[in-house]
Amino acid sequence: MMFWKALRQYRVKGLLILISLPALVLPTISLVYILWQGLPALNWQTLSGEGVTGFGLEHGMFGQIWGSLLLMLGANVLAAPAALGLALFFNLYANDNTQRTIFTLLHLLQSIPPIVYGLFGLFVFVHLLHLGISLLAGMIILAMIILPLLVLNALHALKAISVEQTESARSLGLNDMQLICRVWAPLAWPTMLTGQLLGMARALSETAPILFTATVFSGVLWPSSIFEPVTTLQTHIFYLAQEGGNAHVVSIAWGAATLLIALVLLFSLTALFLRRIDQHHRIS
Amino acid sequence: MPQQLNRIETVVKPVNTMEVEASRLCIDHLSLQLEGRAILSKLSTTLPATGIIALIGPSGAGKSTLLRCLNRLYEQWQGDITWAGQSIRNRDTDLLRRQIGLIGQKPAVFPCSIRDNVIFGLSRQQRRAIADEEIYKALQQAALWQEVEHRLGEPAEHLSVGQQQRLCLARALILKPDMLMLDEPTSALDPRSRDIIERSMMELGRSMPLLWVSHDLDQARRISNHILFMCDGKLIEQSDTESFFNQPKRIESREFMRWSVCDC
Chain A
334 MMFWKALRQY RVKGLLILIS LPALVLPTIS LVYILWQGLP ALNWQTLSGE GVTGFGLEHG
394 MFGQIWGSLL LMLGANVLAA PAALGLALFF NLYANDNTQR TIFTLLHLLQ SIPPIVYGLF
454 GLFVFVHLLH LGISLLAGMI ILAMIILPLL VLNALHALKA ISVEQTESAR SLGLNDMQLI
514 CRVWAPLAWP TMLTGQLLGM ARALSETAPI LFTATVFSGV LWPSSIFEPV TTLQTHIFYL
574 AQEGGNAHVV SIAWGAATLL IALVLLFSLT ALFLRRIDQH HRIS
Chain R
3 MPQQLNRIET VVKPVNTMEV EASRLCIDHL SLQLEGRAIL SKLSTTLPAT GIIALIGPSG
63 AGKSTLLRCL NRLYEQWQGD ITWAGQSIRN RDTDLLRRQI GLIGQKPAVF PCSIRDNVIF
123 GLSRQQRRAI ADEEIYKALQ QAALWQEVEH RLGEPAEHLS VGQQQRLCLA RALILKPDML
183 MLDEPTSALD PRSRDIIERS MMELGRSMPL LWVSHDLDQA RRISNHILFM CDGKLIEQSD
243 TESFFNQPKR IESREFMRWS VCDC
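Chains A and R, in that order, give the protein sequences. Just so you know, we're using our numbering here: the first sequence kicks off at 334 and counts up by one. Just so you know, we're using our numbering here: the second sequence kicks off at 3 and counts up by one.
Don't take each hint at face value.
Claimed, not checked - Only pairs whose alpha carbons sit at most 20 angstroms apart, straight line, appear in this in silico EDC-like list of lysine to aspartate or glutamate:
hint	chain 1	residue 1	chain 2	residue 2
1	A	Lys492	A	Asp509
2	R	Lys108	A	Glu500
3	R	Lys108	A	Glu497
4	R	Lys178	R	Asp220
5	R	Lys178	A	Glu500
6	R	Lys178	R	Asp118
7	R	Lys139	R	Asp118
8	R	Lys251	R	Asp220
9	R	Lys108	R	Asp192
Claimed, not checked - Every beta carbon over 12 angstroms from chain A, so not counted as near; a handful from chain R, in silico:
hint	residue
10	Asp96
11	Ser125
12	Glu239
Said to hold, decoys possible - Taking beta-carbon pairs under 7 angstroms as the criterion, some of the chain R residues facing chain A (in silico):
hint	residue
13	Ala86
14	Leu104
15	Ala110
16	Pro113
17	Arg117
18	Arg252
Hints are computed from structural coordinates only; laboratory data are not their basis. Note that beta-carbon positions come from the ideal geometry of N, C-alpha and C, so glycine has one too.
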């Protein structure tokens with residue numbers, strides 16, 4: 334009797350634990366497996382390429398890290414002002430219909446597969462606008478991909494500001510620019526910065542769009558202008574993984590994957606840390 | 003600078019005679035619809051030039067909305083509102099809001115020091131040139147000086163809710179408004195803070211009109227010189243406080259005083 338009573342009491346809890354377990358276990362197993370495969374492959378030789386020969390290994394990985402960071406930073410620099418502008422317009426001037434339209438559009442843009450953005454970038458920026466396979470074309474396409482994320486995050490940051498604070502500022506005669514600079518900016522920047530870091534992590538994790546628009550397999554280590562192509566960690570992994578028969582090359586691919594995960598985690602965890610500080614500040 | 007606030011030792015008695023003729027705020031057939039619903043319906047009145055005007059009525063009567071129309075936080079109204087003979091539509095919005103201050107129900111302080119909060123509404127040049135005497139005067143008028151005298155550099159969030167509400171008041175007063183609107187400013191406060199604000203407002207009411215939204219009929223009777231009773235977006239009755247409470251003209255007013263509800 335006691336057993337059945339206990340079972341009834343905890344059945345919902347048990348069921349929820351059972352069905353939520355894969356959500357925790359599978360990513361953890363993946364992460365551990367990647368680190369287990371990748372960490373041994375990471376050493377000065379594979380990073381610098383000194384004394385290493387083989388498919389795609391001669392130049393190490395510094396060039397790819399640099400290329401990934403350049404694309405990520407460029408995309409964020411391009412997307413951030415547009416995202417901020419749209420979020421402010423949304424809050425200050427857009428009527429209900431415009432707000433609904435913008436919201437639908439943002440969710441629509443967010444659901445477009447990245448490969449489609451890549452295809453669009455290839456035809457429009459690379460061919461039609463003659464930008465060629467270049468850092469700039471990649472930055473623009475990545476900026477388009479992360480834009481909805483940044484706008485939605487900025488909207489979330491502004492929504493978190495109390496109506497009373499905005500109304501009080503208005504009642505004191507502050508105009509739109511003063512309201513933005515003196516009230517909204519100091520209150521919203523931690524959340525906005527968090528979104529920016531998440532945008533950086535997202536830009537770092539995209540491969541398909543830059544495969545079409547910005548990257549080459551080799552021949553460029555340190556691009557001298559934004560009109561040159563780059564090599565990146567993401568595409569490097571893609572190319573190396575195609576050499577599945579060569580165990581050494583595949584192990585380097587795991588090393589590159591570990592590096593990429595480390596970079597993405599760096600930005601994601603910093604974002605998480607900032608969010609916690611902000612929440613703690615708001616509560617206290 | 004004087005180191006101590008001259009406290010208001012006695013409760014200031016409301017001024018009973020009010021010069022309606024000298025009024026500067028006139029509302030003429032004010033109507034407002036929000037999302038297809040009539041919030042204010044052809045509301046007309048003329049506010050006295052000084053004293054506390056209590057705006058009372060049941061929840062949803064449109065009292066707070068009326069305040070937001072008067073300083074143009076809502077713009078989509080019909081009819082006319084004139085301030086010193088000129089339609090407020092033709093006035094500079096930011097300037098109008100400085101002249102007609104609004105204090106909300108919940109105090110909203112900004113993430114900066116107490117001192118910076120007081121001078122928040124001033125322009126950059128004014129903030130640079132502001133004399134400590136001005137800050138002292140505003141805090142004194144808001145009956146907050148004694149409590150913050152030695153902590154002006156502290157974050158305003160550290161103040162209690164009652165102190166924050168008085169800080170909001172000081173922030174509005176430093177702009178030297180011609181009129182103040184208060185939307186249930188004491189509803190979230192403890193009795194002591196409520197009494198302090200009431201006394202300082204009654205003092206202020208001697209020199210400017212204060213439009214005070216209140217759900218508390220006792221408070222309205224205690225502090226106001228004039229009553230505006232609203233229900234369902236309409237102005238039901240307007241009279242001086244004594245007449246309203248002793249001899250209400252409308253049955254709705256009597257019902258409201260008895261049951262705190264209105265059947266209009």
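Tell me, in ascending order, the numbers of any earlier hints that this structure violates.
The structure breaks hints 4, 10, 11, 13, 17 and 18; every other hint is satisfied.
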